[in-house]
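K.L.:
Starting from the known structure of chain V, fit chains E and S onto it as the hints suggest.
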Amino acid sequence: MGKKLLIDRVGIEGIRYFDTYRKHGGYASVEKAFKMAPADIVEEIKKSGLRGRGGAGFPTGMKWSFLAKPEGVPRYLVCNADESEPGTFKDRYLMEFIPHLLIEGLVVSSFALGSNRTFIYIRGEYAWIVDILEQAIEEARQNGFLGNNILNSGFDCEIYVQRGAGAYICGEETALLESLEGKRGNPRIKPPFPAVKGLWDSPTVVNNVETLAAVVPIINMGGDAYSQIGIGKSTGTKLISACGNINRPGVYEIDMTISVEEFVYSDEYCGGIPNGKKLKACIPGGSSVPILPANLLFKTAKGEKRMMTYESLADGGFQTGSMMGSGGFIVLDEDQCVVRHTLTLARFYRHESCGQCSPCREGTGWMEKILNNIEYGRGKMNDIDLLWDIQRRIEGNTICPLGDAAAWPVAAAIRHFRDEFEWHVLNPEESQKRNYGLANYAEPREVVAS
Amino acid sequence: MPDEKKLFKVTIDNITIEVEPGTSILQAARKIGGDVAPPAMCYYTPLKGSGGKCRTCLVEVAAGSTADPRPMPKLVASCRTNVMDGMIVKNITSEKVIDARNGVVEFLLINHPLDCPICDQAGECHLQDLSYEHGKEGTRYEFKRRTFEKVDLGPFIQLHMTRCILCYRCVYTADQVSKKREHGVLDRGDHSQIATYIKNSLDNDFIGNVIDVCPVGALTDRTFRFKNRVWFLKPMDAHRDCPKCSGKVTLWNRGDEVYRVTARKDQWGEVHDWICNECRFEKKETKDWVIEGPTKINRHSVISQGHYVGTVKPREVLTEVMNGQAPRLLMDIHTVSEVNQPQIELSELPGPATGDVFENKNPKEK
Amino acid sequence: MITFSENKLKEAQRIINRYPQGKQKSALLPLLHLAQDEFGGWLDVPAMDYIASLLNIEPIEVYEVATFYSMYNLKPVGRHVFEVCQTGPCMLRGSDQIIDYIKQRLQINVGETTPDGMFTLKTVECLGACGYAPMMQLGKTFREHLNEEKVDQIIEECRSKAARNN
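Protein chains in written order, with numbering that gives the first Met the number 0: chain V, 0 to 449; chain E, 0 to 365; chain S, 0 to 165.
So here's chain V without its partners, still in its complex pose:
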């Protein structure tokens, strides 16, 4: 049984409310942190090796230390709760069942960064969680952990919850800030980065829910102790939201020492594939990261056991590896159609593109149309190469990472499942009646651009 630092207390009845949460060690990190200098808190986070849990995996301590501190200008902390990556529902779980953990992390982090006005930007569809969070904030305020002069430290802090209104793109930090300013969620052109010019042009740190919640155990146990958990640069624990064709979908906290195979088949986690089916493929880190066929999921191309760590999941690069991403673990069994799955993702990214820059605005729609043709038996062989060429020209050429996120799933699907795409093209009628079945599992090959 791995170590749990975030959701170990979720089972306790009434943990959603302040009194119970407090009784079980809640807000101890605030008491500890407020005796430290803000710079020392940042130092602890750096020592912990904590990496951003939203998807990019950027070291949190480093991000915090980049925050500009000009005289007389307010600084802001914004919590990114716009969880919208298909396959990802971990932040929702955390906020819904143990909201005070996030509030506690936010109080400590606001103090460390000097943010007197802190915002939680939550996706609009999580409407009921807004009520849960606002209640937790109110309780924290009544108990002196928010408001003016918290714990007689002279530090004031208010936390506000802002609801989005249905836009995946607002999970991108600068689009989130635009949205928070009451504008369309168009990502900003960087530089300047938010650490210099963020919310209302002030220095701003934007962190994911899980990242900010992890601040609590780090302060409680010390950065060094936290960094001892896990392997290499994958320190601490990570929430994985598992879904798709598995027996036990749900949110699991892992301490990044277990293998992918164990995660899929152990009854403590996914519990294997239902109905005795075989595993076909898996997207281990949210819909944007490359899909891996079963033969590359459990073992790397070098033949090593693949672990649930940032490094091991990425082993082999995009040729034979994938990414930890946001921890949205999507499993496909042998009955699933990779073309159709890729089509739903392409449709998702077309729907969520903000439309600001041309490769993403035009390219995502084009890819969806071609995939639609292939899926419904109207595809041509050179459509597959055309798809490859389109994704290649979107990737890296857009304002924000949504372009990459839209390109990668298409690229990986073609890279590893080209035989299935070709089968669709060659068998337009049969492919409407049945699915391809298990993949050919050919060695991943280079796809030559047309």
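Because the hints were derived from the structure by calculation, they are not lab data.
Please note that a few of the clues may not be correct.
Result set (SDA-like, lysine to any residue): computed pairs, CA atoms no more than 20 Å apart in a straight line [what the hints assert, rightly or not]:
(1) E/Lys179 x S/Gly39
(2) S/Lys24 x V/Asp200
(3) E/Lys198 x S/Lys74
(4) S/Lys9 x V/Lys189
(5) S/Lys139 x V/Trp127
(6) E/Lys47 x V/Tyr159
(7) V/Lys182 x S/Asn72
(8) S/Lys22 x V/Trp127
(9) S/Lys24 x S/Gly39
(10) E/Lys143 x V/Leu385
(11) V/Lys182 x S/Pro19
(12) E/Lys143 x V/Asp382
(13) V/Lys182 x S/Lys24
(14) V/Lys368 x E/Tyr140
(15) E/Lys47 x V/Pro191
(16) V/Lys189 x E/Tyr140
(17) V/Lys196 x E/Asn81
P.N.:
Chains E and S in isolation, oriented as in the chain V frame:
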């Protein structure tokens, strides 16, 4: 002794120049000029916040600066990236850039109607130029193109959204130049559109400038629509004493008749003196204006056909880009052809050039 | 001229006060949610113009935002809106069949409203409930682990709620 401002050295396509700190790569490249200047469809120097969207000006940064000579991992938008001292940039010398730019042109064209033969912008359309210079022939797009209804935004401006490339310039113009913004970008993704939401006429005083900033034929002048082709008109700089604006304009005449009035554009197609609606739409007689002289038009533009006054040969940078090497000709026509020999100046012949002219000069024949 | 009730107006003011002075535009998204709840589940032009006047911004700034975000309805919708997720993880668990079943039960297509104005069916992209798929959003709540019986129950529940309120 006063401090001398330190200039940054930047090398773009093997040509090194010095620019002031804070200059963007695009502006530095424009100082060099010629083919080294990246195309820009959305960036517009006088409009704050513009740029970064169309991705046509992407360049490769091979070395970030002298202090940190690492290359940048992705291509960057040259309009929104500032030069650093010792930066090395590759534009037309980078295959990655050329490939990406091909891609962007293709993306911009897949939903464009390509109705140039009936479009008023033809001849002065930046998308047309971009496609000729950076696109590939043919299209791989086999789906129905996105279309919108044409909308009259009041008596002066027509919006033909189907042609729009969503550069946002007109939005910035309404924000920064006119007093009130009544149109904007609605919806999102591939169905984003420039619109007013409720059918509204745009009629505040400086709104006509949106026509000039539009790089394509999406916003056109209703007082000029279908009246003439721009290359049949003679552009002339003119001015009048206007209480509202600078009154500095370009008149587009055919004979004595003023067909349209626009603001003056520089060599990059940018307006620096915005003009009011009255100058643009209501002063359509030559007597309203003091004519200064013919407008300088880029010699590559179709508009310069027939107007040879004041043309300046642009800097030819290819030899410099190629480190002093002259561009290799694929084929010298004179080595294989008997006609059109260089020693014969065709324009000096009294009549038409016939076979006799060349036969006589060529002793090998007969 | 439409206006918020006094209570809603107070709530709007409370939201505006969250932001520093001069940054009241930041309240736009929350206020549009408020307006949509208050004015019949969708935003018409007068409602959006009203929000613009409350925040002292141009109406076009409101239209730009309202059309960007998928949760704002710019056309009237039925009393109950079924927003069924159709993205990858839900598709793997059978969302296509659920959508077909609802179409057949309500005799409408995606994007349509039943003639009695009771139900609207929409398909939406990932709502963050992938582990509890297939699912739909109904008002402020998520209905998860859908199957045909559950869909029947939900339709019944909506009908009886409407009958009670009439």
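K.L.:
Could you run down the list of hints and mark each one as holding or not?
P.N.:
So, going through the hints one by one against the coordinates:
With a CA separation close to 31 Å, the supplied pair E/Lys179 and S/Gly39 exceeds the 20 Å bound. Of the supplied pair hints, the one linking S/Lys24 and V/Asp200 holds, its CA atoms being roughly 14 Å apart against a limit of 20 Å. For the given pair, E/Lys198 sits about 17 Å from S/Lys74 by alpha-carbon distance, which is consistent with the 20 Å threshold. Simply put, S/Lys9 and V/Lys189 have alpha-carbon atoms about 38 Å apart, too far for the 20 Å limit, and the pair is violated.
Pair hint S/Lys139 plus V/Trp127 holds up; C-alpha atoms about 6 Å apart against a cutoff of 20 Å. For the suggested pair E/Lys47 and V/Tyr159, the alpha carbons sit about 32 Å apart, so the restraint of at most 20 Å is broken. For the proposed pair V/Lys182 and S/Asn72, the alpha carbon gap of about 17 Å is at most 20 Å, so the pair holds. About 26 Å separates the Cα atoms of S/Lys22 and V/Trp127, which puts this hinted pair outside 20 Å; it is violated.
At most 20 Å may separate the alpha-carbon atoms for a hinted pair to count; S/Lys24 and S/Gly39 exceed this at roughly 23 Å. Only pairs whose Cα atoms come within 20 Å are accepted, and E/Lys143 paired with V/Leu385 is accepted, the gap being roughly 17 Å. Among the hinted pairs, V/Lys182 with S/Pro19 is consistent with the structure: their alpha-carbon atoms are about 16 Å apart, no more than 20 Å. With a C-alpha separation of about 16 Å, the suggested pair E/Lys143 and V/Asp382 falls inside the 20 Å cut-off, and the hint holds.
About 8 Å separates the Cα atoms of V/Lys182 and S/Lys24, which keeps this hinted pair within 20 Å; it holds. Our distance criterion of 20 Å between C-alpha atoms is met by V/Lys368 and E/Tyr140, whose separation comes to about 10 Å. Of the supplied pair hints, the one linking E/Lys47 and V/Pro191 holds, its CA atoms being roughly 15 Å apart against a limit of 20 Å. Restraint check: the Cα-Cα separation between V/Lys189 and E/Tyr140 comes to about 31 Å, which exceeds 20 Å; the hinted pair is violated.
Between the alpha carbons of V/Lys196 and E/Asn81 the distance comes to roughly 16 Å, so the proposed pair stays at or under 20 Å and holds.
This entry does not satisfy hints 1, 4, 6, 8, 9, 16, going by the numbered hints stated previously.
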